Structures are given as structure tokens and as C-alpha cells.
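Undergrad: Residue numbers (our numbering), protein chains in the order written: chain Z, 1 to 259; chain Y, 260 to 411.
No wet-lab data here; the hints were simulated from the structure. Treat the hints loosely; a few may be bogus.
Simulated coverage check for chain Y against chain Z, where a stretch passes if three residues somewhere in it have a Cβ under 8 Å from a Cβ of chain Z [claimed, not checked]:
id : region
1  : 263-275
2  : 326-337
For each label pair, taking beta carbons as the anchor points, the in silico distance ranges come out as [claimed, not checked]:
id : chain 1 : residue 1 : chain 2 : residue 2 : range
3  : Z       : D78       : Y       : A354      : 45 to 51 Å
4  : Z       : L176      : Y       : S374      : 34 to 40 Å
5  : Z       : E96       : Y       : F389      : 43 to 49 Å
6  : Y       : G402      : Z       : V254      : 36 to 42 Å
7  : Z       : Q83       : Y       : T383      : 34 to 40 Å
8  : Z       : D136      : Y       : D368      : 54 to 60 Å
9  : Z       : V77       : Y       : G385      : 43 to 49 Å
10 : Z       : V254      : Y       : E342      : 27 to 33 Å
11 : Y       : G385      : Z       : L250      : 41 to 47 Å
12 : Z       : T252      : Y       : T383      : 41 to 47 Å
Looking from chain Z toward chain Y, a few residues come up when the C-beta cut is under 7 Å (computed) [to be verified]:
id : residue
13 : V43
14 : M46
15 : Y47
16 : G50
17 : V51
18 : A90
19 : L155
20 : V158
21 : W175
22 : M187
23 : Q188
24 : V191
25 : E192
Since we're looking at a predicted model, the values are computed, not measured. From the three backbone atoms N, C-alpha and C, an ideal C-beta is built for every residue, glycine too.
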Amino acid sequence: MEFIRRTGRTSMEFAASLGRSGVFLLRAVFGLALSLNGLKLLVAQMYRIGVLSLIIIVVSGLFIGMVLGLQGYSILVDYGSEQAVGQMVALTLVRELGPVVTALLFAGRAGSALTAEIGLMKATEQLSSMEMMGVDPLRRVIAPRFWAGFISMPLLAVIFSAVGIFGGMLVSVDWLGVFEGAYWSNMQSSVEFEGDVVNGIVKSVVFGLVCTWIAIYQGYDLVPTSQGISIATTKTVVYSSLSVLGLDFLLTAVMFGSI
Amino acid sequence: MYQRSVELAVGVFMLLGMGALIFLALQVSGLTTDSQKESYRVYAQFDDLGGLSLRGRVSLAGVTVGKVSAISLDKKSYSALVEMEIYSDVDNLTADSVASIQTSGLLGDKYVAISVGADEEYLTDGDTIFDTQSALNLEKLIGAFASGQAKL
Chain Z
1 MEFIRRTGRT SMEFAASLGR SGVFLLRAVF GLALSLNGLK LLVAQMYRIG VLSLIIIVVS
61 GLFIGMVLGL QGYSILVDYG SEQAVGQMVA LTLVRELGPV VTALLFAGRA GSALTAEIGL
121 MKATEQLSSM EMMGVDPLRR VIAPRFWAGF ISMPLLAVIF SAVGIFGGML VSVDWLGVFE
181 GAYWSNMQSS VEFEGDVVNG IVKSVVFGLV CTWIAIYQGY DLVPTSQGIS IATTKTVVYS
241 SLSVLGLDFL LTAVMFGSI
Chain Y
260 MYQRSVELAV GVFMLLGMGA LIFLALQVSG LTTDSQKESY RVYAQFDDLG GLSLRGRVSL
320 AGVTVGKVSA ISLDKKSYSA LVEMEIYSDV DNLTADSVAS IQTSGLLGDK YVAISVGADE
380 EYLTDGDTIF DTQSALNLEK LIGAFASGQA KL
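Start from the sequences and build out the full structure, keeping to the hints where you can.
TA: Pasting the structure below:
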């Protein structure tokens, strides 16, 4: 009896939290003030979420591209087709690793920071004092952060893929001696713009929405204590990573499953 | 002053993203205006495609002159009907051209190779190439040798 009651309560809490976060997302999406002041807030957040994440994205993109080049070369050279390394690096990065690894790094680097910041604002009652002054915290705090994350994520993913392909070239062409023309021409003949690049960008748009949504909602909805902030920050990273990986499987099945 | 440098950094970030996208479009996926080149359609019937696929290359003397745009089954003759789009600037394929399916390398993609004849007339939109050679089927060939039907 107790077990059934607890199940009921948990599912009701889950449904309520889902509904709250949905309404919250809608208000954040439409909350951005399209004025000069609103754009200034957006630019400031773009700087903190996008520009400051650039270094970690570029460095990890470079290394992942280099690893892909090295691994791909060592496997393909057994079959005498090391020219295909460019095609392998580009397809892997553009379709999968670019959007997914960027989203995971983004959740760790920017998502957790968003949750902690909004959570501390709530814990120190900055949000409620804003309300007292007649400033809507959703418009002033949440909406610029949401849009900044949503816009930054696809840009970061595209930069990641481009840098990774460059890193792959560094290893396979400059170090291991694959012919440079073959590296690019194999890549160009197998990568399609609509099929691969655009689908990769669609993926990163979805991941950007989900990661930012989870981060700001966890921050806005947490229990305003120091322990609550730490729990919410952990939840942000865990939920974001899990939903990115799960959604990636779904999106891949829809986009590339028929091939 | 601080606000200005922040705006500058965000602007550079946006431009970097756009630049990376253009790089992916042009250099990585080879997106060019070539794909919208004007073309005309030529048909050919093959007994066996042997793995020729859509968007396959059509080449003449090793130079790409078009692509495979549709593949269907001709119900009357039980053979494969291949529709090819040939670039309009290659307008002097003779009417007695031969189309054959070949493989690039030992394990590479299948493509249609066209070799021209000596006819005075040229192929135009909607014409059919009658002289065709199907893909070389390695399994059949090996099978024929193994069962002793073919002699070296």
C-alpha cells in the first residue's frame, strides 16, 4: 500500500515538474526583450557562455581530430586505403562527435555555471528582490541566458568540427604522410552538405535547447540552500549528459537510420 | 569600454562560427555551384547493375561528365533502366556511344563509363544508349573458373 502511494506521489511530482519546466521554457523563450537593453543583456551572456567556452572547444576539437586521424590511419593502413582517413575523420566529426562532445563539454563548462549562478541568486533572494522592484527576473536574468546558450551551442559545434578536421589533417597529412589532395577529395566526395552537415547542425540545435533548458530550470527550481545548489549543479550535468546521449541515438536513428 | 570589448569578442565569436560553417560547406562537403549545372537526360538499359547507385559518376575518358539521376526496372525486358544527367556543355556524345559499368579500383564505387563511337549524330535530351555492357560480376567470374566452364 505504502509502495503504491509512493509511486503515485513520485509520478505526480514528476508530471508537475515536467509541466512547470515546460511553462518555464515557454516564458524564457518569449521573455527576451527585443530592445537595445535586451540585446545588451544577451551579448553579455553570449560572451560568458559562448566566447569563454571557445578555448575548451577548440583545444578538445583539435585533440579529438588528431586522435581520429591517428586511429583511422592505423586501422586503414592495414587495408591499403589510408587515403580514406579524411572521409572517416570528417564523417565522424560532422555527424556525431562534433555535436555530442560539444554538448557534453557545454553542459560541464557552461550549464553547471548557469545553474550555480541562478541558484545562488535565488538563495540570496536576489530574484525575489527583483520582483519586489517590479523587474521580471525571467526577462532580466533567465531569458538572456537561455537565448545565449541556444545560439552559442550550434556555433561551438560547427567550430569544433572544423577544428577537428584540421587536427586530423595535421596528423594524417603532415605527420603520417597521407597525400593531401586525397585527404580533401575523398572527404568532399563522401560528405554531403544537406545529409551530413545540416543534420549535424540540427542535432546541435536540439542539444543546445535541451542543455540550456535543463541548466536554467535546475537553477530556478532548486531548494535555496547551499546543499540544494550543489545537488542542482550535479543534476544539471547528469541530466544534460544523459539526455544528450539518449537524444543523439534517437536523432541518429531518424536521420541516418534508413541508410 | 568594457561593454565594447565584450561586444567585439561576441562579434568575433559569431564570425568564427559562420566561417566554420562556410568551411564545412565548401571545403569539407565540396558544395559548389556545379551541382546546379544545366544538364540533359540520357537513358541506358543494363542487364546487371552490380551495385551502381544513385548519384553515381558518369565519366568519359576518366573525366566526370554527369551523374546517375534515377534507377528503375524496365518491366518488359526485365532489365535495369538507368537515367543519367549529362552536363549540357558535353553536347557531342555520338549516338552510337557505348555505356559500361565499371569499378574504380578493386573495391571502389561503381560508375558508368561512356566511350564514344563515330556516328555523325549526337545524343540529345531523352535519347537512349543502346550499346551497353553490364558490370563485371567477380563472383560469377570466379564461379565459372571454379566449375571449369571457362578456360584461361
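Undergrad: Going through the numbered hints above, which ones does this structure break? Give me the numbers in ascending order.
TA: Hint check: 2 and 21 fail, others pass.
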